[in-house]
Structure formats: C-alpha cells, structure tokens
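*Asks:* Each chain, written out:
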Amino acid sequence: MNFYVLMKRTFDTEEKIAINGGQIAEDGAEFIINPYDEYAIEEAIQLRDEHDGEVTVVSVGSEEAEKQLRTALAMGADKAVLINIEDDVEETDQFTTARILAEYLKDKEADLILAGNVAIDGGSGQVGPRVAEQLNIPYVTTITSIKIDGETVTIVRDVEGDSETLETSLPLLVTAQQGLNEPRYPSLPGIMKAKKKPLEELELDDLDLEEDDVEAKTKTIEIYLPPKKEAGRVLEGEIDQQVKELVDLLHKNNKVV
Amino acid sequence: MGKKVLVLGEMRDGALRNVSFEALAAGRTIANDGEVVGVLIGETVASQGQELIAYGADRVVVVEDEKLKHYSSDGFAQAFLAVVEAEGPEGIVFGHTALGKDLSPRIAGKLGSGLISDVTSLEGEGDDVVFVRPIYSGKAFEKKMVKEGIVFATIRPNNIAPLEKDASRSGKVITLSAEIKDLRTIIKDVVRKATEGVDLSEAKVVIAGGRGVKSEDGFKPLQELADVLGGAVGASRGACDAEYCDYSLQIGQTGKVVTPDLYIACGISGAIQHLAGMSNSKVIVAINKDPEANIFKVADYGIVGDLFEVIPLLTEEFKKLKVATS
Numbered sequence: 001m002n003f004y005v006l007m008k009r010t011f012d013t014e015e016k017i018a019i020n021g022g023q024i025a026e027d028g029a030e031f032i033i034n035p036y037d038e039y040a041i042e043e044a045i046q047l048r049d050e051h052d053g054e055v056t057v058v059s060v061g062s063e064e065a066e067k068q069l070r071t072a073l074a075m076g077a078d079k080a081v082l083i084n085i086e087d088d089v090e091e092t093d094q095f096t097t098a099r100i101l102a103e104y105l106k107d108k109e110a111d112l113i114l115a116g117n118v119a120i121d122g123g124s125g126q127v128g129p130r131v132a133e134q135l136n137i138p139y140v141t142t143i144t145s146i147k148i149d150g151e152t153v154t155i156v157r158d159v160e161g162d163s164e165t166l167e168t169s170l171p172l173l174v175t176a177q178q179g180l181n182e183p184r185y186p187s188l189p190g191i192m193k194a195k196k197k198p199l200e201e202l203e204l205d206d207l208d209l210e211e212d213d214v215e216a217k218t219k220t221i222e223i224y225l226p227p228k229k230e231a232g233r234v235l236e237g238e239i240d241q242q243v244k245e246l247v248d249l250l251h252k253n254n255k256v257v
Numbered sequence: 001m002g003k004k005v006l007v008l009g010e011m012r013d014g015a016l017r018n019v020s021f022e023a024l025a026a027g028r029t030i031a032n033d034g035e036v037v038g039v040l041i042g043e044t045v046a047s048q049g050q051e052l053i054a055y056g057a058d059r060v061v062v063v064e065d066e067k068l069k070h071y072s073s074d075g076f077a078q079a080f081l082a083v084v085e086a087e088g089p090e091g092i093v094f095g096h097t098a099l100g101k102d103l104s105p106r107i108a109g110k111l112g113s114g115l116i117s118d119v120t121s122l123e124g125e126g127d128d129v130v131f132v133r134p135i136y137s138g139k140a141f142e143k144k145m146v147k148e149g150i151v152f153a154t155i156r157p158n159n160i161a162p163l164e165k166d167a168s169r170s171g172k173v174i175t176l177s178a179e180i181k182d183l184r185t186i187i188k189d190v191v192r193k194a195t196e197g198v199d200l201s202e203a204k205v206v207i208a209g210g211r212g213v214k215s216e217d218g219f220k221p222l223q224e225l226a227d228v229l230g231g232a233v234g235a236s237r238g239a240c241d242a243e244y245c246d247y248s249l250q251i252g253q254t255g256k257v258v259t260p261d262l263y264i265a266c267g268i269s270g271a272i273q274h275l276a277g278m279s280n281s282k283v284i285v286a287i288n289k290d291p292e293a294n295i296f297k298v299a300d301y302g303i304v305g306d307l308f309e310v311i312p313l314l315t316e317e318f319k320k321l322k323v324a325t326s
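Line by line, the protein sequences are chains U and Z. Residues 1 to 257, numbered by full-length UniProt numbering, are exactly what the first sequence covers, in order. Residues 1 to 326, numbered by full-length UniProt numbering, are exactly what the second sequence covers, in order.
Hints are supplied without guarantee of correctness; some may be wrong.
[Claimed, not checked] The calculated label-pair distances, taken between Cβ atoms and stated as ranges, are:
#, chain 1, residue 1, chain 2, residue 2, range
1, Z, Glu292, U, Glu14, 14 to 22 angstroms
2, Z, Thr175, U, Ala29, 49 to 57 angstroms
3, U, Glu211, Z, Asp227, 28 to 36 angstroms
If you're looking for bench data, these hints aren't it; they were derived computationally from the structure. Note that CB positions come from ideal geometry on N, CA and C, so glycine has one too.
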C-alpha cells in the first residue's frame, strides 16, 4: 500500500515568542515536527508494518525542513520529499500549500494520506481537507483510531470529546488527533539508516506550477504579541475572607458573575 | 459596497449553537450594508429559521434531507455548495467548531478561495474588514485580510458578541432542494462522552481541575460550583492522564481551547500546554496549594490554599450572591 504523510516543520511553541521586524523571531528557536504530524507519521509506519507497502513523508517549505524529514525517516518512514518553495513563492497561505501538495500527489496513486489535524504554529487546520477536496477523495478529520480491512476502513474520530465511529474506503485522507498512538523516538540504528534513505527535493517547476497558480488568497498585515497582563493579585487573610473578597471582586469589579 | 454573506447555523441537540449567533454578528460586519443570509442544513431544521432572523439574518435558506440527519462532510458540502451556487455569496462565516473546522476547508478548496480560521475579532467593515486570530498557541496574534475572492472566515466561540435578539424582525425562510448523493463515509455509532448540560467550548464560566483534584470524586465539588454558576467543568491533561476524568474535558494545546468570561483553575500547576488552551479567558482565578505554581502568573486573582476547603466556600458565597441579586 502507498502511504503518504503530509508533514510541517514548526516552531516549538513551548519556546518564548518574540517579534522582530514584524515577524516571529526565529533566531536560536527550536524547530520540531508538528506534534500532530508525528502521530500521522507513527500511524503510517504501523499501518505499513501491518499491510506492507511504503511510507513517503512530504513537506512543503524551505531547505531547513530537511532536518525534520530526516527525523521522520529515522522513525521508520521509507522516503522523504521536500518541495522547496523558498525561492519561488513570497507569500503563502493554506491555499498555496494545499495546491502544491495536491499537484504533487495527483498521480501518486496514494491509498492513504495522513496529516496532522492542525499545526501548532499557524493553527488553521485547513491543509488536509483542502488536499482531499482537490484530489476528490474522502477525508476524516481528528481521528483517534484507524483499521484497514481490505477496501473497508473503520475509523474512530474525536468530535469535541464525543467519539464517532465511521466506515469509509480507500483512497482516503485522514488527519490525526491526540490519542491516535504514542509516537516513537528515532533509535540510533534508525538514525544511521535514515542517512541513506532517499530524500528528493523538488521545486514548483518540477510540478509544472507557476507562482501565479499558488498565489496566496489571504495576506497577513500584522503580527503582534498580546498586551502584557498586569500581575495578578494573590489574596490574603483568612480563607473565608479571601473567598468573600474574591466573589465581591468578580461581581463588582469584573462583572463576570 | 455591501456584500452578500452566508452564515451557517449549526445545530446541537435540536437547537442552534450560540456560536451561530456570534457568526451572524460577524457576517453583519462583513456584509456592511449588504445582506446576511442564514443557512440551515439537516433533516428537519426549518423551524430554526426565525431564530436566525431574530439574531440578524435578513433571510434564511434551508436544505433538508434525511441523509443530512447526521453531519458528514460529503452531505453537508453538497448541501452548502448548492446554496452557494444559488446565492453567489461574497462572504461566508462558520463557527470554528468541530463541524466548522471539518467542513470549511473543503468548501474553500472547492471554491478556490482563501479561508481565515479561528477568528477572535473583526476590525473595520465591508471590504476593509481585518480579521484577528491567535497563532502560536495563543502566544501571539495576527491580523489578516482577504486579497481576492470570497471573504471566508470561521470564528472561535465566545469571542464575538452576538447582536441583541429582536423577535420582531421578519424575513423569508425558503427551502432549497438539493440532491444529496454518494456519502463516502458512513457513521456507524456515536458515543457521547461530553457531559450533559453546558458545552465546554461555549461556556461563559469554566471550572477546571488538575492533578490537585486527586480523584474522580474530587471533581464533585467543582461540578457543584459549575452548576451554581451555570458553567462547565474542564480539566488539565494531568487530571485526564491520571484518569480522574474523561479526555473530553481536556483543555490545552491538545484538547479544547476555551475563552470564557471566568476561568477558575483548581489544583492546576499551569503547564504551558494548559495555558495555550485558556490564557485568553477574560478573568482567570487560580486556587492552588503551591504559591510558586505557574498558574498564578497568568491569574487575575489567586488564592493559596486547599481547593477542597476553598471551593465549597466559594460555592456557598456564589449561592448567597445569586439570592441577593435575583
């Protein structure tokens, strides 16, 4: 079976965020595989081990994403593809990324495409379903379990805490939710092997796309940090007095109750 | 120039969700002096049309079919696209809910349009409207505009004030017939884990428990406090991992993002992943035994103490307040 995983290199949002020249400052920041994409990679590896086939991890971005692609290979993926748009595209949005990925995937005869349900940096959660729509295949978002039995696929998905069981068929795109699996850490032999695994680099030209075809439909006009919250007040005195004061503050000052 | 804006009315348990009224307000801002058209999709939903009009829709288009009883992206996409085809909108607004998140990228993909997701406020009107949305797990914000094509956005529940309900407003509720075929995914079973009552992501008050709650029983006083305040109970990942409660209550980077008017964190240390899910709440109260706990750094008010002592006292005080103000 042909498994494809859509992967994004993201800023580790556990890091402190600073703005520099209107952009999120990246100097010295830690970059990781988007955590939800890690679930997708792990699931693809497990499904390949069960059903045979090949796992290809695809990323749209810059040369720097090579590091995260190598990590995916070290986890156990078979091949990696970097679609490097650094020199071709100035402004990107989810339309851009989805258009490029769909163009790459259209003749790959993918049986199952896996992605994270959202990236922790941009947080839009659009790319997976957009790609499925363009490939005209069904998709299921925020999945916590997937079983493939011949042509039938049984999936459990998380819907705001409820769980929904559904049946569908291949080819299919799914997006991973927390709870799907526990992603493995790359082993040392895995890391050694990853160095020899194929990592293909493509540009827009290779996909017969022009910059105009993928031009963003939206633009970012400003990035800013939320106003610093004033230091809170830790109440003092006897506990029952503190409780009375708190209720009074919430009622009279903040008017939230 | 005014725009025509479609706003999807989302149903839950036979009633419209609050976020749909908030979406109508956002739709009104985008439409400027144009037209806001409510859209209802389901098996029998036309009866909710008047409610959408009372909250700001000028008229409502309904698509009904037995295949639309449960949400599926195939079914709802066909129904919504039939409305798009008939109406030719210049703007679309959905709630940023499980349904909105699942459906909106597909519609945008089909229309070849942009989509600005998870919007928390709008600035300006009509063509100049600017959308504000949190990025990097709420640690930063970005302002976005649409460059070309349909102005399409999903809005985060509890952030945009709905218009005041005006039951005297009138408008047409019309039914559009659309052929719904080929559902490629079939729902076999739904297990409702989310607690009855107030929806966590839309609650105005959230009482959240962490490891400090110590057991499943430990959540009982939190539930009592939530009941008095008409709020919902949530939890940190720590409490879920320790099996004190179901993962459906989890608030954080993984889990739900909530922005209630009042968030009371009980026995929650305040790990960064948890803060990502609640730090934009309007007022935050922290109750924790450890005066050094990180949660106090984001709290507006803190009480250093045992939550099992503090919460029941708090419940009593709020009860008294309720009596005094009613």
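*Asks:* Confirm or reject each hint.
*Replies:* Going through the hints against the structure:
1. Z/Glu292 x U/Glu14: 14 to 22 angstroms: holds, 19 angstroms
2. Z/Thr175 x U/Ala29: 49 to 57 angstroms: Since the Cβ atoms of Z/Thr175 and U/Ala29 sit about 53 angstroms apart, the hinted range of 49 to 57 angstroms holds.
3. U/Glu211 x Z/Asp227: 28 to 36 angstroms: With a Cβ separation near 57 angstroms, U/Glu211 and Z/Asp227 fall outside 28 to 36 angstroms, so the hint is violated.
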